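Listed below are the residues making up each chain.
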Amino acid sequence: MSEIPLPHSAKRVVPWWLLRHETMLAVILLIALIVLGGLNNRFLTLDNLLNQGRLTTEVGLIALPMTFIIITGGIDLSVGSIVGLCAILLGYSWKNFGFPLPLAICFSLLVGAAAGFLNGIVITRVKVPPLIMTIATLALYRGLAEGISQARSVRGYPEWFYFIGQENLFGVPAQLWLLLIAIVVSAIVLDRTTFGRTLYAIGNNETAARFSGLPVDRAKLIIYTLSGFMAGLSACVLVSRVTTTRSDMGIGYELDVIAAVVLGGTSIFGGVGTIWGTVVGLAMIQLLKNGLALTGVKGDATIVVIGTVLILSTLVASSLQRRREGI
Amino acid sequence: MTAVTLAGAEADPRRRLKVLASQEALLAIAVIGLAVAVGLYNPRFLAARNLSDVLLGNAYIAVAAVGMSMVIVSGNIDISVGALIGVLATISGTLAVNGAPIVIAWLAALVAGVLVMALQGVIIAYLRIPAIVVTLGMLSILKGGLISVTGGKWITDLPDSFHLADIELSGVLPFPVFLMILVTVLAALWMRYSASGRAIYAVGGNAEAARLCGISQPRTIVMVFALHGLFAGAAALLYATQLRVIQSTVPPNLELTIITASVVGGVSILGGVGTVAGSTLAAVLIAEIASALVFIDVSPYWIRAVQGVLILVTVIADILRRRRMAGA
Numbered sequence: 001m002s003e004i005p006l007p008h009s010a011k012r013v014v015p016w017w018l019l020r021h022e023t024m025l026a027v028i029l030l031i032a033l034i035v036l037g038g039l040n041n042r043f044l045t046l047d048n049l050l051n052q053g054r055l056t057t058e059v060g061l062i063a064l065p066m067t068f069i070i071i072t073g074g075i076d077l078s079v080g081s082i083v084g085l086c087a088i089l090l091g092y093s094w095k096n097f098g099f100p101l102p103l104a105i106c107f108s109l110l111v112g113a114a115a116g117f118l119n120g121i122v123i124t125r126v127k128v129p130p131l132i133m134t135i136a137t138l139a140l141y142r143g144l145a146e147g148i149s150q151a152r153s154v155r156g157y158p159e160w161f162y163f164i165g166q167e168n169l170f171g172v173p174a175q176l177w178l179l180l181i182a183i184v185v186s187a188i189v190l191d192r193t194t195f196g197r198t199l200y201a202i203g204n205n206e207t208a209a210r211f212s213g214l215p216v217d218r219a220k221l222i223i224y225t226l227s228g229f230m231a232g233l234s235a236c237v238l239v240s241r242v243t244t245t246r247s248d249m250g251i252g253y254e255l256d257v258i259a260a261v262v263l264g265g266t267s268i269f270g271g272v273g274t275i276w277g278t279v280v281g282l283a284m285i286q287l288l289k290n291g292l293a294l295t296g297v298k299g300d301a302t303i304v305v306i307g308t309v310l311i312l313s314t315l316v317a318s319s320l321q322r323r324r325e326g327i
Numbered sequence: 001m002t003a004v005t006l007a008g009a010e011a012d013p014r015r016r017l018k019v020l021a022s023q024e025a026l027l028a029i030a031v032i033g034l035a036v037a038v039g040l041y042n043p044r045f046l047a048a049r050n051l052s053d054v055l056l057g058n059a060y061i062a063v064a065a066v067g068m069s070m071v072i073v074s075g076n077i078d079i080s081v082g083a084l085i086g087v088l089a090t091i092s093g094t095l096a097v098n099g100a101p102i103v104i105a106w107l108a109a110l111v112a113g114v115l116v117m118a119l120q121g122v123i124i125a126y127l128r129i130p131a132i133v134v135t136l137g138m139l140s141i142l143k144g145g146l147i148s149v150t151g152g153k154w155i156t157d158l159p160d161s162f163h164l165a166d167i168e169l170s171g172v173l174p175f176p177v178f179l180m181i182l183v184t185v186l187a188a189l190w191m192r193y194s195a196s197g198r199a200i201y202a203v204g205g206n207a208e209a210a211r212l213c214g215i216s217q218p219r220t221i222v223m224v225f226a227l228h229g230l231f232a233g234a235a236a237l238l239y240a241t242q243l244r245v246i247q248s249t250v251p252p253n254l255e256l257t258i259i260t261a262s263v264v265g266g267v268s269i270l271g272g273v274g275t276v277a278g279s280t281l282a283a284v285l286i287a288e289i290a291s292a293l294v295f296i297d298v299s300p301y302w303i304r305a306v307q308g309v310l311i312l313v314t315v316i317a318d319i320l321r322r323r324r325m326a327g328a
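Keeping their order, the protein sequence lines are chains A and B. Note that the working numbering has the first sequence beginning at 1, numbered continuously upward. Note that the working numbering has the second sequence beginning at 1, numbered continuously upward.
Honestly, the hints are just simulated from the structure, not real lab data. All values reported here derive from a predicted model rather than from experimental measurement. Beta carbons: idealized from backbone N, C-alpha and C, even for Gly. Check each hint, because a few of them may be wrong.
As the list claims (entries may be wrong) - Quick look at which bits of chain A chain B covers, simulated, 3 or more residues with Cβ under 8 Å:
| hint | segment |
| --- | --- |
| 1 | 102-109 |
| 2 | 119-130 |
| 3 | 141-153 |
| 4 | 251-258 |
Stated by the list, open to error - With the C-beta cut set under 10 Å, the calculated list includes, among others, these residues of chain A facing chain B:
| hint | residue |
| --- | --- |
| 5 | Ser81 |
| 6 | Leu138 |
| 7 | Asn205 |
| 8 | Phe269 |
| 9 | Val297 |
| 10 | Thr302 |
| 11 | Gly307 |
| 12 | Leu320 |
Unchecked claim - To list a few chain A residues with every Cβ distance to chain B over 10 Å, as calculated:
| hint | residue |
| --- | --- |
| 13 | Asp217 |
| 14 | Val272 |
| 15 | Val304 |
With the hints as extra help, turn the sequences into a complete structure.
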């Protein structure tokens with residue numbers, strides 16, 4: 001990994017930490033901020049930046065466990081569908097089962113975790129590749145959301161429920177606190193706990209990790225379940241922000257989430273990545289969207305940019321990695 | 001254990017063929033069985049009109065699934081194909097409306113399909129970026145690009161001669177069904193008997209062994225993706241011509257239906273195994289299920305959930321079967 005200075009790097013004039021993917025990304029982010037701010041005076045205002053934070057929370061909450069998953073060399077494509085399913089069940093259980101709203105929220109979080117657990121259990125026990133398993137559940141969970149909702153939306157939630165999605169707490173959007181806590185916790189878990197280091201070990205060499213007696217299957221089961229749970233949490237925040245539930249909620253989230261994680265320097269081949277990188281990746285993607293929107297580019301064109309960024313950043317990262325290994 | 005393994009290894013190719021044959025036989029039985037069962041419940045399901053609608057309306061999925069099967073057999077995946085079909089249909093329709101010769105409009109879809117897919121193949125094979133990243137990126141590029149260029153406008157006033165789906169061979173066989181059968185048979189024969197067709201299995205089954213046998217893995221993958229693009233072009237033409245309008249948006253989740261057809265058709269998601277006959281039968285089965293839901297008074301909103309269950313069950317069964325074969 002790049003933290004370890006290579007012996008021959010003494011020849012380099014630039015310090016190694018400047019060459020880290022995350023540092024470079026942060027510098028690019030800073031330049032982008034200044035340029036976009038210069039182009040449009042509405043961009044670099046505290047209000048706008050905080051609002052962008054509000055908008056990025058739903059994707060951000062899912063990007064954290066996705067970082068864990070991609071570090072182990074896995075992937076979870078079903079997150080967008082889990083968001084849809086959880087949103088629908090939140091509204092459906094509240095309206096049709098007559099659950100009190102707090103219970104409905106717990107129910108939808110539980111369903112999210114269960115959806116992730118199903119992914120994890122089949123991936124670890126039956127050894128279905130994560131890509132295929134989560135493509136299957138991408139169809140299944142979205143199908144359940146469509147089937148249960150019958151394309152009807154649920155609205156008219158009690159006023160207090162909109163707090164998390166629309167109000168401020170200490171001058172900062174309420175859901176942003178949720179994201180900040182989640183970021184700090186995930187960063188500590190990944191960097192400072194045995195569990196976090198196990199994830200790197202799995203991504204670097206799963207067989208070796210197994211032979212070293214690491215609980216590989218348990219770790220995987222936990223991160224896929226966590227991914228489902230966070231998608232459920234993201235669904236609650238989303239419903240609270242937009243005040244309605246529809247079965248097409250969360251479509252395409254997997255693209256934003258994976259793009260943020262990969263752009264943040266997490267290797268799609270596993271073994272490398274940081275939460276800090278993912279956070280910078282998230283900020284990049286949200287600011288890209290916002291900056292493009294402010295300069296008059298429509299929403300559909302921004303996903304073209306995100307798709308291109310996803311491919312190019314993987315290309316650059318893999319060619320850098322190959323050069324590093326080739327030395 | 002060793003003796004059993006030896007005997008098993010000798011019988012293995014034949015047994016594997018038998019298992020595959022049974023997958024296709026199973027699908028054929030399911031297609032007929034479902035028709036009989038639903039027909040008993042609601043005889044209107046068996047009306048010739050309905051059955052031909054099911055085939056006509058979904059032949060393009062079977063055609064696209066042939067290409068997808070090749071991609072999966074080679075050990076890759078493509079989730080951009082649904083968006084590509086939308087883009088190709090729009091390109092072809094726009095040309096036709098603007099007075100280009102019909103043949104050029106048709107050819108344009110095929111050529112553009114080959115180019116886009118070959119490009120993805122090159123990125124995957126030579127730059128060694130995982131197929132899921134490349135095709136996920138391409139999915140959003142195509143999807144966003146299509147809507148921002150067309151603004152979601154529908155293409156109407158298509159010239160009559162544009163509609164491939166209207167052609168009936170010798171007055172009975174609709175062209176989409178003919179194309180579906182022709183493509184399946186040709187692709188099946190090619191994959192079974194030609195060296196380049198066998199190379200797909202070799203690359204997907206054991207890339208290292210394939211390399212040692214002198215098969216170029218990158219070249220095979222680019223070839224597979226280029227062919228997949230050709231089939232996507234053909235599928236786009238059927239898709240564009242079956243209705244009188246082209247919606248200029250990406251058909252939602254079309255790639256999932258196509259992948260489901262391939263996987264349920266017996267193409268192993270671990271690469272190296274599968275036939276296109278199975279995927280075509282599976283495409284027919286999926287279309288039949290969608291139609292059957294309506295006739296047994298189940299809301300069509302459940303169709304995607306049914307697809308999800310189908311793909312999940314097939315994948316798990318495939319892995320368990322492989323493990324049993326490996327353990328025997």
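Structure-based check of all given hints:
1. 102-109: With 0 residues in contact (Cβ-Cβ under 8 Å with chain B), the coverage given for the segment 102-109 of chain A is violated.
2. 119-130: Check passed, 5 qualifying residues.
3. 141-153: holds (count 9)
4. 251-258: With 4 residues in contact (Cβ-Cβ under 8 Å with chain B), the coverage given for the segment 251-258 of chain A holds.
5. Ser81: This interface hint holds because 9 Å falls under the 10 Å limit.
6. Leu138: This hint holds: Leu138(A) lies near chain B, its Cβ roughly 7 Å from the closest one there, short of 10 Å.
7. Asn205: violated (18 Å)
8. Phe269: Phe269(A) check passes; min Cβ-Cβ to chain B is 8 Å, inside 10 Å.
9. Val297: holds (8 Å)
10. Thr302: Nearest chain B Cβ about 7 Å off; hint holds.
11. Gly307: Gly307(A) check passes; min Cβ-Cβ to chain B is 3 Å, inside 10 Å.
12. Leu320: With Cβ-Cβ at 13 Å, over 10 Å, it is violated.
13. Asp217: holds (15 Å)
14. Val272: At roughly 14 Å from the nearest Cβ of chain B, Val272(A) sits farther out than 10 Å, so the non-interface label holds.
15. Val304: violated (4 Å)
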